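Protein chains in written order, with this note's numbering: chain S, 11 to 109; chain F, 11 to 109; chain A, 210 to 340; chain E, 210 to 340; chain U, 697 to 815; chain L, 697 to 815.
Treat the hints loosely; a few may be bogus.
Said to hold, decoys possible - Pairs of lysine-lysine residues, derived as DSSO-like cross-links and limited to a Cα-Cα distance of at most 30 angstroms, are as follows:
1. K66/F <-> K271/A
2. K276/A <-> K726/U
3. K762/U <-> K726/U
Said to hold, decoys possible - Some, not all, of what chain U presents toward chain A, calculated at C-beta under 10 angstroms:
4. S709
5. H710
6. Q711
7. S715
8. Y717
9. L718
10. P750
11. D752
12. R759
13. D815
Hints are computed from structural coordinates only; laboratory data are not their basis. Remember, it's a predicted structure, so these values are computed and weren't measured experimentally. We treat Cβ as the ideally placed atom computed from N, Cα and C, and that holds for glycine.
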Amino acid sequence: MLHIVNKSATDRGSLESCLAMATKGSAVLLIEDAVYAATTGGAAAAKIQAAAADLKIYALGPDLAARGMAARVLDGVNVVDYAGFVDLVAEHKSCQSWL
Amino acid sequence: MLHIVNKSATDRGSLESCLAMATKGSAVLLIEDAVYAATTGGAAAAKIQAAAADLKIYALGPDLAARGMAARVLDGVNVVDYAGFVDLVAEHKSCQSWL
Amino acid sequence: MSDMDEMEDGSGIVKKFMFLNRKAPHGTVYALEGLEVVLITAAFDQDVSMVFTDDGVYQLLKGIDTKGIEVKDFSKTYRALDGYDIEKLYVDQSSIDARGLTEDDLIVDVTVLSVSEMANLMAEQDVVISF
Amino acid sequence: MSDMDEMEDGSGIVKKFMFLNRKAPHGTVYALEGLEVVLITAAFDQDVSMVFTDDGVYQLLKGIDTKGIEVKDFSKTYRALDGYDIEKLYVDQSSIDARGLTEDDLIVDVTVLSVSEMANLMAEQDVVISF
Amino acid sequence: MQFGILVNEGPYSHQASDSAYLFARTALEKGYKVPRIFFYHDGVYNASRLATPPQDDRNVGARWSKLAADYGVDLVVCVAAAQRRGITDGVLGDNFRISGLGQLVEMGIQYDRLVTFGD
Amino acid sequence: MQFGILVNEGPYSHQASDSAYLFARTALEKGYKVPRIFFYHDGVYNASRLATPPQDDRNVGARWSKLAADYGVDLVVCVAAAQRRGITDGVLGDNFRISGLGQLVEMGIQYDRLVTFGD
Chain S
11 MLHIVNKSAT
21 DRGSLESCLA
31 MATKGSAVLL
41 IEDAVYAATT
51 GGAAAAKIQA
61 AAADLKIYAL
71 GPDLAARGMA
81 ARVLDGVNVV
91 DYAGFVDLVA
101 EHKSCQSWL
Chain F
11 MLHIVNKSAT
21 DRGSLESCLA
31 MATKGSAVLL
41 IEDAVYAATT
51 GGAAAAKIQA
61 AAADLKIYAL
71 GPDLAARGMA
81 ARVLDGVNVV
91 DYAGFVDLVA
101 EHKSCQSWL
Chain A
210 MSDMDEMEDG
220 SGIVKKFMFL
230 NRKAPHGTVY
240 ALEGLEVVLI
250 TAAFDQDVSM
260 VFTDDGVYQL
270 LKGIDTKGIE
280 VKDFSKTYRA
290 LDGYDIEKLY
300 VDQSSIDARG
310 LTEDDLIVDV
320 TVLSVSEMAN
330 LMAEQDVVIS
340 F
Chain E
210 MSDMDEMEDG
220 SGIVKKFMFL
230 NRKAPHGTVY
240 ALEGLEVVLI
250 TAAFDQDVSM
260 VFTDDGVYQL
270 LKGIDTKGIE
280 VKDFSKTYRA
290 LDGYDIEKLY
300 VDQSSIDARG
310 LTEDDLIVDV
320 TVLSVSEMAN
330 LMAEQDVVIS
340 F
Chain U
697 MQFGILVNEG
707 PYSHQASDSA
717 YLFARTALEK
727 GYKVPRIFFY
737 HDGVYNASRL
747 ATPPQDDRNV
757 GARWSKLAAD
767 YGVDLVVCVA
777 AAQRRGITDG
787 VLGDNFRISG
797 LGQLVEMGIQ
807 YDRLVTFGD
Chain L
697 MQFGILVNEG
707 PYSHQASDSA
717 YLFARTALEK
727 GYKVPRIFFY
737 HDGVYNASRL
747 ATPPQDDRNV
757 GARWSKLAAD
767 YGVDLVVCVA
777 AAQRRGITDG
787 VLGDNFRISG
797 LGQLVEMGIQ
807 YDRLVTFGD
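Here chain S stands alone, though its shape is the one from the complex:
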C-alpha cells in the first residue's frame, strides 16, 4: 500500500498518524509541505529515519526543490519526480492520502 502525506509534520499530526498505521513493507510518499520531514536537521528527521527501517520512504523532488530543500534530503529517503510518483501509484494495489 502507498501512503501519501502532504502536510508539514511540524504543523499537523498526519505524518505521525500515517507512520503509526503503515504496515511493514508499505511505502510512504511525502509531497507538498510534507517534504520538510524528509530533510536533515528537522524535528521529524529521527522519526523518518526510524520508520525507514520498516517502510520505503519517498519524497517528491519538485516539492523539495520548490522549498529550497533539494540538497538536504535525509539518507534513506528516495527522491522521485512526478513520473516516479505515478509509478508508485501504479505499483501499489491501493493508496491513501492522509488529509
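Since the structure of chain S is already known, use the hints to place chains F, A, E, U and L on it.
This is chains F, A, E, U and L only, laid out in the frame that chain S set:
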C-alpha cells in the same frame, strides 16, 4: 492583548505557539475546533490548566455546544457567548488570530 | 445527472471502500460532505467501512447542539447509517483514549480497534478515501 | 478601485502593523497573498514589522526553485522589501532551531528574537495580521 | 468603537466564515460599529450570488447581503484575490463591491480593532 | 491501467490542485489512462471560467480544460458541492460538466486506482 485560537490542539501547533508567546495577563479565547482543548480528559487539558495561572482562558460556548462538549469544560476556563467574544475584543487594545 | 441513473449502470462489482474520518466536525465541512459520499457508495451496494481516527472521533460525540452556530446538526445521520446497510463503523482506540473518551460517549455502536488492527483493515481495502 | 487613490486619503496616522507568517510557502497561498498585503501597508507609510515563526521561517530559505511545480517563485520579493522601506524582519529563534536552520540559510538579513522578545514586540503592536 | 473584520476563508468549507458573520452580527446588535468587512484569500467566495445551498441550510452569501442592508456595512472583496478565483462583478451578491487591498489597510489604520477569521 | 483522481481543494489557495494536475498530466504523458477527474468540496472552484489570474501565473481552470481536450479526460464537478459554492453551468470552463457523486463512486468501482488530492 487578546489571542484567538481556532484549531484543534491535537491536529495543529497553533495553540502551543500561542501559549508560548502570550505574555502574562493576556487573554486567550478558544473558538471553533480549538474548544476541544478546553475540555476534560484531552491531551491539551494539562497545558491549558497550567497556562490559566498566568493567562485568562476563555472558550466560546456555542462552539462547545456544537461539539457536544458543553458539559466537559475544564475548571479555570471561562465560557463566553458571542456577546462575550465581542466584549473581549472591545476590552483589549489589540487581538491576534493564530491562523 | 441523477445518481439513480448511474446506479443502474452497476456492473455487479463489489469493492471494499474505506472512508477514513480524521477531522473534527463543524470547523471544516469535510465530515458533512464526506458523509454524503459514504451514503452514495452504500447505494451502489459496495462493501463500506467507516473509520474514525484522530480528531475524526469527535464526529460521533453525543449531545451535539449546533443551534448557537446556526448550522445543520448532521450527527443524527450517523444513527441512520444502519438504514443504509452501513454497519461497519470502526473507531481507533488510541484516538479516543488520547481525548479522554469512551464508547459510551459515542452516538452509535462502533467496533473499537487497536492501531495494528486498523492498519490490517486498511491494508485489505480496494479503495481508501480520506476526509 | 485603485490603491493609489486610497493612499491619497492618508490621514497622517501611523500605526504599528505586525504581519505574522506561520505557514510554509507553496503548500498554501497564504505566504504569497500575505506579501501583497505587506507591500500595500508599507505604501500607506505605516510602521511595518514582518515576523516569521513556526513553519513561516521556511518562506525565507535560500535556493528555492519552483520550476518543477510550475508556480511563481516569489521568494525574490523578500529581497526587494528593502526597496519598499520594509526593514523590520524578525525570525523566531526556537522556530529556526527546531528546523535545523541558521541565519545563513535565509535569503535576507533578519533579526533573530527569542520567544519572549517576540512576545513583547507583539504586545506593543496596534494591528496584528496573521497569514 | 469601530471594528474591522477580515474574512480569509470561503463559505461552508471552513467555519471561519460563519464565525465572522456571527461575530459581526452580534457586535452590530450590541451597538458597536462595523463599518467594513473585507474578504481576502478564499474569503472572496463569500460574495457569490450564484450559490444555492440546500433549503435546510444557511445561505452564507445572502446572509452577508442582508447584514449589509440592515446595518450599512461595506462588504469589500479584494480585487486581486477575486480575479484569481473567478469572482467578478457579474456574480457579486447585493451590497458587495470589489476593491483593492488598500481598503483592508485603511481598516487597520482608521478603526479601533481588526479581527481576522481564517484557517 | 486506469487512474481516477479526486480533487478536494480549489485553485491557488492549496497546492492540492496543482499537485493533482501535474500528477494527471504526467500519468497521461506516460501512457496511463485517466478517464475521469472528479472535483469535490472546494475542488469545484477549479471549474470556473471566470478566473483571470495575473499574466505571469498559471491559469488553473484553463489548464484543466486543455488537459481534457488533449487527452479526452472527463472533468466532473459534484453538483451538491457546486450548488453550495455558486459554481453553475453558466460559469463552467470548457470540458467541465456537473454531475452527481455517483460519478466518483463509479471511479472507485471501475478504475484500478483512485488518488485523492486535498488539504
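Status of the L718/U interface restraint (C-beta, 10 angstroms, chain A) = holds, 7 angstroms
Status of the R759/U interface restraint (C-beta, 10 angstroms, chain A) = It holds, given that the least Cβ distance between R759/U and chain A is near 9 angstroms, below 10 angstroms.
Interface restraint verdict for D752/U against chain A (beta-carbon cut-off 10 angstroms) = Holds: closest Cβ of chain A sits about 6 angstroms from D752/U, inside 10 angstroms.
message = Less than 10 angstroms between beta-carbons is the criterion; does Q711/U satisfy it with respect to chain A?
response = holds, 5 angstroms
ask   = Can the restraint linking K762/U and K726/U be considered satisfied, given a maximum Cα separation of 30 angstroms?
value = The hint holds at about 17 angstroms.
inquiry  = Checking hints one by one. Is S709/U an interface residue toward chain A, by the C-beta closer than 10 angstroms rule?
reply    = With Cβ-Cβ at 5 angstroms, under 10 angstroms, it holds.
query = Against chain A, is D815/U within 10 angstroms by beta-carbon distance?
reply = At 8 angstroms from the nearest chain A Cβ, D815/U passes the 10 angstroms test, so the hint holds.
query = Does the structure keep K276/A and K726/U at a Cα separation of 30 angstroms or less?
reply = holds, 20 angstroms
message = Given a cut of 10 angstroms on the nearest C-beta pair, is the interface hint for H710/U held or broken against chain A?
response = holds, 6 angstroms
When the least beta-carbon distance from Y717/U to chain A is tested against 10 angstroms, hint result = holds, 8 angstroms
message = Would the hint on S715/U be counted as holding, given a Cβ-Cβ threshold of 10 angstroms to chain A?
response = OK, holds: S715/U within 10 angstroms of chain A, min 8 angstroms.
task = Would you mind confirming whether the straight-line C-alpha gap from K66/F to K271/A stays at or under 30 angstroms?
result = Given pair K66/F, K271/A holds - Cα atoms ~29 angstroms apart, limit 30 angstroms.
Going through the hint list in order, the structure satisfies each hint without exception.
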